[in-house]
Every structure is written in structure tokens, then in C-alpha cells.
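Q: Here's the letter readout for the chains.
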Amino acid sequence: MKKLLALTSLALVFTLGLTACGSTSDNGGEGSDLPVASVGLVTDTGGINDKSFNQGSWEGVEEFVAANEGVESGYLETQQDSDILPNLDTSAARYQVVVAPGFKFSEGIAVSAKQNPETSYVILDATPTEGDAEVTLENVASILFREEQAGYLAGIVAAKTTKSDTIGFIGGIPVPAVMNFAAGYVQGAKSVNPDIKVDVQYANSFTDTTIGKQKASAMYASGMDIIFVAAGGVGTGVIEQAKELTTQGTEAWVIGVDRDQYADGEYGDGKSVILTSAVKHVGAAVNQTLNAIKDGNAPFGQVQTLGISEDAVGLPAENPNITDQETLDLIASETEKMKAGEVTVKTNADFPVQDAKIY
Amino acid sequence: MDIMGILVNVLLFASPLIIVAMGGLFSERSGVVNIGLEGLMIVGAFVTTATSLILQDMGMSFLVSVLIGMVLAVIAGGLFSLIHAYASISLRANQTISGVALNMLALGVSLYLTQILFKAKETEPIGIGQHASSFLIPGLGDIPVIGVFFDWRVILVAVVVVVTWYVMYRRPFGLRLRACGEHPSAADSMGINVTKMRYQAVIISGMLAGAGGALQMLAFAGKFAPYTINGAGFMALAILVFGQWRPFSVMTAGLFFGFLRVVGVTGSSLFPGLPIPEQVYFALPYIFVIIALILFSRNATAPKALGVPYDKGLR
Numbered sequence: 014m015k016k017l018l019a020l021t022s023l024a025l026v027f028t029l030g031l032t033a034c035g036s037t038s039d040n041g042g043e044g045s046d047l048p049v050a051s052v053g054l055v056t057d058t059g060g061i062n063d064k065s066f067n068q069g070s071w072e073g074v075e076e077f078v079a080a081n082e083g084v085e086s087g088y089l090e091t092q093q094d095s096d097i098l099p100n101l102d103t104s105a106a107r108y109q110v111v112v113a114p115g116f117k118f119s120e121g122i123a124v125s126a127k128q129n130p131e132t133s134y135v136i137l138d139a140t141p142t143e144g145d146a147e148v149t150l151e152n153v154a155s156i157l158f159r160e161e162q163a164g165y166l167a168g169i170v171a172a173k174t175t176k177s178d179t180i181g182f183i184g185g186i187p188v189p190a191v192m193n194f195a196a197g198y199v200q201g202a203k204s205v206n207p208d209i210k211v212d213v214q215y216a217n218s219f220t221d222t223t224i225g226k227q228k229a230s231a232m233y234a235s236g237m238d239i240i241f242v243a244a245g246g247v248g249t250g251v252i253e254q255a256k257e258l259t260t261q262g263t264e265a266w267v268i269g270v271d272r273d274q275y276a277d278g279e280y281g282d283g284k285s286v287i288l289t290s291a292v293k294h295v296g297a298a299v300n301q302t303l304n305a306i307k308d309g310n311a312p313f314g315q316v317q318t319l320g321i322s323e324d325a326v327g328l329p330a331e332n333p334n335i336t337d338q339e340t341l342d343l344i345a346s347e348t349e350k351m352k353a354g355e356v357t358v359k360t361n362a363d364f365p366v367q368d369a370k371i372y
Numbered sequence: 019m020d021i022m023g024i025l026v027n028v029l030l031f032a033s034p035l036i037i038v039a040m041g042g043l044f045s046e047r048s049g050v051v052n053i054g055l056e057g058l059m060i061v062g063a064f065v066t067t068a069t070s071l072i073l074q075d076m077g078m079s080f081l082v083s084v085l086i087g088m089v090l091a092v093i094a095g096g097l098f099s100l101i102h103a104y105a106s107i108s109l110r111a112n113q114t115i116s117g118v119a120l121n122m123l124a125l126g127v128s129l130y131l132t133q134i135l136f137k138a139k140e141t142e143p144i145g146i147g148q149h150a151s152s153f154l155i156p157g158l159g160d161i162p163v164i165g166v167f168f169d170w171r172v173i174l175v176a177v178v179v180v181v182t183w184y185v186m187y188r189r190p191f192g193l194r195l196r197a198c199g200e201h202p203s204a205a206d207s208m209g210i211n212v213t214k215m216r217y218q219a220v221i222i223s224g225m226l227a228g229a230g231g232a233l234q235m236l237a238f239a240g241k242f243a244p245y246t247i248n249g250a251g252f253m254a255l256a257i258l259v260f261g262q263w264r265p266f267s268v269m270t271a272g273l274f275f276g277f278l279r280v281v282g283v284t285g286s287s288l289f290p291g292l293p294i295p296e297q298v299y300f301a302l303p304y305i306f307v308i309i310a311l312i313l314f315s316r317n318a319t320a321p322k323a324l325g326v327p328y329d330k331g332l333r
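Chains A and B, in that order, are what the protein sequence lines are.
Under the numbering used here, the first residue of the first sequence carries the number 14, and numbering increases by one thereafter.
Under the numbering used here, the first residue of the second sequence carries the number 19, and numbering increases by one thereafter.
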């Protein structure tokens with residue numbers, strides 16, 4: 014009896030801890046004849062306020078809802094990866110359009126989209142797959158980003174700012190999105206100074222802060238003064254190491270990724286070790302796609318790759334740590350050239366950047 | 019990176035693992051497997067981060083807020099380990115399962131509270147990087163090379179190791195505790211309260227693991243996030259076994275593993291000229307640990323009653 018009681022109470026605590034959180038806002042609903050009457054978002058395990066992909070996508074949904082009166086919206090947080098498919102199906106039953114941010118959804122979305130042909134899906138940073146094969150589905154729009162263009166601009170900033178002419182890159186797990194950042198970074202740095210040395214390393218993890226700190230410690234000690242890090246939680250360790258060195262009087266910069274990480278690098282008096290960040294404007298991409306669905310020219314069954322021309326990638330508008338006007342002008346002119354197609358940046362497929370190599 | 023840089027990194031990496039392994043040593047020497055070290059570290063890291071952020075918000079200095087946070091982390095770790103103690107000692111549940119449950123519960127509860135307190139999946143940084151040098155003891159910390167040892171985090175770990183050895187081998191408490199892990203019924207027949215001893219051991223392990231979690235957070239992430247601990251508790255368990263449940267051997271094992279790990283991660287920067295693939299460096303710590311285990315496993319002496327719930331009726 015005692016055992017049973019203990020087990021039951023333990024189980025209760027668990028359920029409390031793991032219950033999925035969600036939120037819905039009803040301001041339109043059933044029977045609405047809007048082209049897009051309701052939008053639902055399913056987050057991955059990062060959660061709705063992860064300051065990254067999920068949050069950015071939700072901001073895009075909210076932006077769309079704010080501009081289109083009467084649209085119903087809501088999100089479902091995924092607590093563990095095995096819940097992805099059920100959550101997609103739940104959202105599909107509730108909403109007309111389902112947004113799924115991240116590569117973790119690529120298999121689930123293929124299954125769910127086939128089961129719910131009436132529902133439209135938008136998947137970011139990935140394409141629907143079955144097994145290992147990509148599939149084309151008439152109710153799924155895939156959006157990829159030209160990370161290499163943001164990386165290219167980051168490389169220009171790094172090459173213009175470095176005093177030692179050796180800069181570093183730390184990637185998480187070498188997946189295409191991360192490798193594209195690296196490829197662009199190397200090309201951008203070389204475009205400013207062909208002799209610059211770029212040390213590329215991968216942590217093979219998105220979560221191990223210890224690797225980030227140790228790698229950064231070794232790289233800064235070997236004379237690099239700027240590290241571009243595209244590695245999730247690993248980046249936290251890199252930023253802490255940079256703060257430590259900077260407050261002790263050694264110059265150590267970090268270039269952030271995915272969003273403007275300036276606040277993460279603050280070490281007092283509003284100063285930050287974040288030189289700039291290679292940003293993906295996920296929210297803007299979601300908003301644009303939802304508008305396209307509304308206007309009836311949605312990219313269903315296609316893979317859309319959004320870049321600097323669509324304002325989907327780039328550097329933050331404000332970069333307090335870039336003080337050199339020449340650098341700012343160069344960024345502006347290179348951005349224009351990329352938009353006009355005068356400068357093309359190769360992806361990782363055409364410009365492979367490998368682990369533990371100096372370029 | 020020079021010798022100094024390697025040394026600093028080894029100490030940073032190994033200190034939290036060693037202090038947690040000492041906690042595991044208490045628990046396991048009394049006969050209770052503690053897989054829950056990881057979860058207890060998570061609790062410690064969360065409590066320290068939350069306390070420090072809240073106190074700094076109220077105007078307290080960084081170092082004081084961290085110290086208070088660590089004290090609370092030790093208390094929280096001790097309290098949280100009671101769940102494991104109750105399930106595995108009083109209820110005689112499977113110790114491994116109870117420990118795994120502790121790990122899952124710790125992460126869930128910590129993230130839930132983070133969500134409530136800070137309205138986010140992870141907290142803001144508490145400011146380790148900008149205050150890193152404040153851990154050094156003024157004056158002594160500036161001495162070249164050996165200065166890195168005068169970090170109060172390192173000193174804390176060294177003190178814990180020495181005290182653990184003293185308590186285990188020079189005090190009646192340690193003798194009784196070890197007896198409970200080797201032959202609990204014999205200990206019981208000599209008038210030792212096995213249940214009480216094991217409870218005390220598990221609570222001590224929880225307190226030390228809580229402190230270790232705080233140190234791990236202070237050394238690396240500098241904030242609480244789902245990835246702040248990221249398996250360090252399991253590494254501490256491995257070091258405990260590698261060090262054959264003996265305080266000084268465990269400390270040596272921790273430093274050895276830390277050294278290999280730092281060389282493994284930074285290898286390609288340390289020896290840029292050598293044509294060795296990075297994967298080889300990554301594998302180094304694990305290869306050497308396997309070799310060391312093969313060489314030393316002959317003398318390995320796990321506590322005999324480890325993992326066996328004590329049942330008076332079976333005497």
C-alpha cells in the first residue's frame with residue numbers, strides 16, 4: 014500500500030512536470046470565409062520562448078494575425094520528439110495552416126500531410142522526407158534559407174575587424190544549415206583579404222557548453238581574435254570564454270548566429286563581446302509565406318530558398334561594435350551586390366568546408 | 019595554448035566532476051547506487067542560477083549572490099536526494115530505476131520553475147565571464163603557474179576530497195558506512211542502523227552533487243538552460259568507477275580524464291602542424307580510459323552490497 018501510494022504520487026508529479034502547454038486565441042473561428050482563417054504552430058522541444066527558431070516563427074504568425082483581422086491562431090509545444098506527429102495531427106484538426114519550424118519535423122510532416130490533405134503545411138529549414146528520400150507533397154510548402162549569404166557578410170566583418178588576420182569558426186553538428194554558414198564565412202573573409210586564415214572546427218554537438226569553452230579557449234590563445242559560432246548551446250561556452258578574456262584585457266570577439274545575440278554577450282555597461290550576428294529572419298519568412306497562401310500563390314509542393322533579396326537573412330540593423338564606417342559601407346554595398354546578383358556566394362555543396370581545417 | 023591554458027581548462031573541467039564523484043562515493047560505499055547524480059547536479063545548477071539572478075537584481079554583488087546560491091544548492095540537493103533515499107532504502111525499490119526517475123524529474127521541475135520565474139526556457143547569463151577572475155584569491159592568484167590553484171572553487175574541491183578520505187578511513191562514521199556497503203547484515207548485527215547510515219550517505223551525496231552542479235554551471239554555461247549539465251553527472255559516475263571508489267584515486271582519475279578531454283577537444287589547435295584527423299583527438303579520452311580500465315580492473319573492488327536493498331528478513 015505504501016509502495017503504491019509512493020508510486021502514484023511520483024507519477025502525479027511527473028504528469029505535472031510534462032504536461033504539454035498550449036495557448037489559443039479565438040477571434041474568428043469556424044465558418045469564417047477568409048482564405049487563411051486559422052494558423053497553428055507546432056514547436057519542437059525548444060519551446061515557444063526559445064529566443065530562436067520557435068519564437069521567431071511564432072512572431073511571424075502573430076505579425077500575420079495582427080495584419081489580418083479575424084484570423085485564429087495558436088501553438089502547441091512539443092515536450093518530447095515522439096510527440097511531434099500527434100501534435101501535428103492535433104493542429105491539423107484545429108487549424109487550416111500548420112507551421113512547423115525545424116528539421117526535426119521533416120518525417121512527421123510527410124505523414125501528417127498525407128493524412129490531412131485539406132490542411133496546408135509550412136515547414137522551415139527542412140523538406141518533408143520519407144525514410145531518407147525527399148518527397149513532394151501538394152499541401153506542403155518548404156522554406157530553406159541562404160545561410161551562406163549571412164555567413165558571407167559575417168566573414169567580411171571579421172576580416173575587416175581582425176588584427177591578427179586569423180579568425181575562427183565553431184560549428185555544432187555538421188548539418189547543411191551550419192555548413193552553409195561556414196562556407197559563406199570563409200568566402201566572405203577571403204573576399205576582403207585572400208591571405209586571411211580561417212580555422213574551421215566542429216563541436217559535433219549543439220548542447221555541450223564545455224566543448225565550446227575549451228575550443229574557444231584554445232583558439233583565442235593561438236592568436237585568433239574573432240570566432241563565428243553556429244552551434245546552439247555550445248556557443249554559450251564560447252561567449253563566456255570571450256567575456257572572460259575581454260574583461261581581463263585580451264581582445265576576443267564572437268559573431269553570433271540565427272538571431273541578434275548582442276544581449277547574450279553583455280559584460281557590463283551595455284558593452285558586449287558580440288561583434289555582429291548572422292541572422293535568419295524566420296518570422297519574416299513565415300509572414301511572407303502566410304501572405305502568399307492568402308493571396309493564392311503559395312509555393313505548395315515546392316522548396317523555396319529565401320536569401321538576402323527577400324530580407325530573410327543578413328546582419329542585424331544595429332551593430333554597436335562595428336565602429337569602422339568603411340566596414341559598414343562595405344557591408345551595405347556587398348548586400349546590394351548580392352541582391353542584384355553581381356555577387357554569388359557558393360553553398361557548402363559547391364564550396365565544401367571541412368572540419369579541423371585551416372582555409 | 020600553453021601549459022597554463024591547459025592546466026586552467028583541466029581544473030575547470032575536472033573540479034565539478036570530482037566533487038560530484040565524491041558524493042557518489044559516499045552513496046555507493048554505503049551500498050546505494052546513485053544514477054541520480056545528474057539530476058541532483060541539475061537541481062544544484064538551477065538553484066544557484068535562480069538565487070544569483072534574483073539576489074543580483076536586488077543589488078547584491080556577484081560573488082556573494084553566487085555563494086548564497088551555492089549554499090542553497092547544497093541544501094536543495096540534499097532535500098531532493100531524499101526522494102531517491104526513500105524509494106531505494108525505505109521502499110527497497112530498484113536503485114537504478116529510482117535514480118533514473120530522479121534525473122527526469124529534476125530536469126522537468128527545474129525547467130518548469132525556470133518558466134515560472136523567468137518566463138523563458140533558459141535564464142539570462144548570471145555574469146560568470148565578466149567576473150571569472152573574482153574567483154581567484156587576491157594576491158595568491160597572481161603568482162605565475164601555481165596561481166591557478168588559488169581559485170576558491172579548486173580549493174573547495176581539494177578540501178572535499180581530503181575530508182572525504184578522512185571521514186571514510188579515519189572516523190567511526192566512515193567505517194560503519196563502508197560496512198553497510200560491504201555486508202549490511204553483519205553491520206546490523208553489530209548494532210549499526212543500516213537504514214539510517216544509508217539515508218545519511220545518500221543525503222551527503224545529494225548535497226555534494228548539488229554543489230557540483232553549481233560549479234559546473236559556474237565553469238561553463240553561466241546560466242541555467244536544458245543543456246547546462248548535459249551528462250556531467252554520468253561522467254562523474256564513470257570517474258567514480260574508474261577511481262575504484264577511493265577518494266584520492268577518484269581525484270586522480272578525474273584529473274586524468276579531464277586532461278585527456280581537454281587535449282582531445284583542443285588537439286587540432288594545440289598541434290596545428292600534425293596531419294592527425296580531429297576524430298582521433300576526440301576518441302583519445304575514451305581510448306585511454308579503456309586501456310586504464312583494462313590495466314587496473316584486476317584490483318577493482320566495488321562495494322559488495324552495492325545495489326542490493328537491505329532486507330532485515332533475509333539475514
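Treat the hints as calculated values from the structure; they're not laboratory data.
Among the clues, some could well be false.
Quick list of the computed label-pair ranges, beta carbon to beta carbon [said to hold, decoys possible]:
| # | chain 1 | residue 1 | chain 2 | residue 2 | range |
| --- | --- | --- | --- | --- | --- |
| 1 | A | 148 | B | 79 | 53 to 59 Å |
| 2 | A | 261 | B | 112 | 46 to 52 Å |
| 3 | A | 189 | B | 81 | 39 to 45 Å |
| 4 | B | 297 | A | 147 | 24 to 30 Å |
| 5 | B | 312 | A | 312 | 54 to 60 Å |
Here are some chain B residues pointing at chain A (derived, C-beta under 8 Å) [as the list claims (entries may be wrong)]:
| # | residue |
| --- | --- |
| 6 | 29 |
| 7 | 138 |
| 8 | 139 |
| 9 | 141 |
| 10 | 143 |
| 11 | 148 |
| 12 | 196 |
| 13 | 200 |
| 14 | 239 |
| 15 | 243 |
| 16 | 245 |
| 17 | 248 |
| 18 | 252 |
| 19 | 287 |
| 20 | 293 |
The structure displayed is predicted, hence computed values, not measured ones.
Glycine included, every Cβ here is placed at the ideal spot set by N, Cα and C.
Q: Work down the list of hints and note, for each, if the structure agrees.
A: Right, here's what the structure says about each hint:
Evaluation of the 53 to 59 Å hint for residue 148 (chain A) and residue 79 (chain B) yields a pass: the beta carbon distance comes to about 58 Å. Distance hint check: the CB atoms of residue 261 (chain A) and residue 112 (chain B) are about 49 Å apart, consistent with the given range 46 to 52 Å. Separated by about 44 Å at the C-beta atoms, residue 189 (chain A) and residue 81 (chain B) satisfy the suggested range of 39 to 45 Å. Separated by about 29 Å at the C-beta atoms, residue 297 (chain B) and residue 147 (chain A) satisfy the suggested range of 24 to 30 Å.
A hinted range of 54 to 60 Å for the beta carbons of residue 312 (chain B) and residue 312 (chain A) is consistent with their spacing of about 58 Å. Interface hint at residue 29 (chain B): violated, since its Cβ lies 12 Å from the closest Cβ of chain A, which is beyond the 8 Å cut-off. Look at residue 138 (chain B): its Cβ gets to within about 5 Å of chain A, closer than 8 Å, so that hint holds up. Nearest Cβ of chain A to the Cβ of residue 139 (chain B): about 5 Å, under the 8 Å cut. The hint holds.
For residue 141 (chain B), the interface hint is violated, since its Cβ never comes within 8 Å of a Cβ in chain A; the closest pair sits about 11 Å apart. The closest approach between the C-beta of residue 143 (chain B) and any C-beta of chain A is roughly 7 Å, which is under the 8 Å cut-off, so the hint is satisfied. A least Cβ separation of about 4 Å between residue 148 (chain B) and chain A falls short of the 8 Å threshold, and the interface hint therefore holds. Of the supplied interface hints, the one on residue 196 (chain B) is violated, with its beta-carbon coming no nearer than about 29 Å to a beta-carbon of chain A, more than 8 Å.
Interface restraint check: residue 200 (chain B) against chain A, minimum CB-CB distance 27 Å, threshold 8 Å, status violated. Annotation: residue 239 (chain B) was flagged as interfacial toward chain A, and the flag holds, the nearest CB pair being 4 Å apart, inside 8 Å. Annotation: interface hint on residue 243 (chain B) holds; nearest CB of chain A at approximately 6 Å, less than 8 Å. Because the beta carbon of residue 245 (chain B) sits about 4 Å from the nearest beta carbon in chain A, less than 8 Å, this interface hint is met.
A distance limit of 8 Å between C-beta atoms decides the matter here; for residue 248 (chain B) the minimum to chain A is near 5 Å, and the interface restraint holds. Because the beta carbon of residue 252 (chain B) sits about 13 Å from the nearest beta carbon in chain A, more than 8 Å, this interface hint is broken. Because the beta carbon of residue 287 (chain B) sits about 4 Å from the nearest beta carbon in chain A, less than 8 Å, this interface hint is met. A least Cβ separation of about 11 Å between residue 293 (chain B) and chain A goes past the 8 Å threshold, and the interface hint is therefore violated.
Hint check: violations occur at hints 6, 9, 12, 13, 18, 20; the rest are consistent with the structure.
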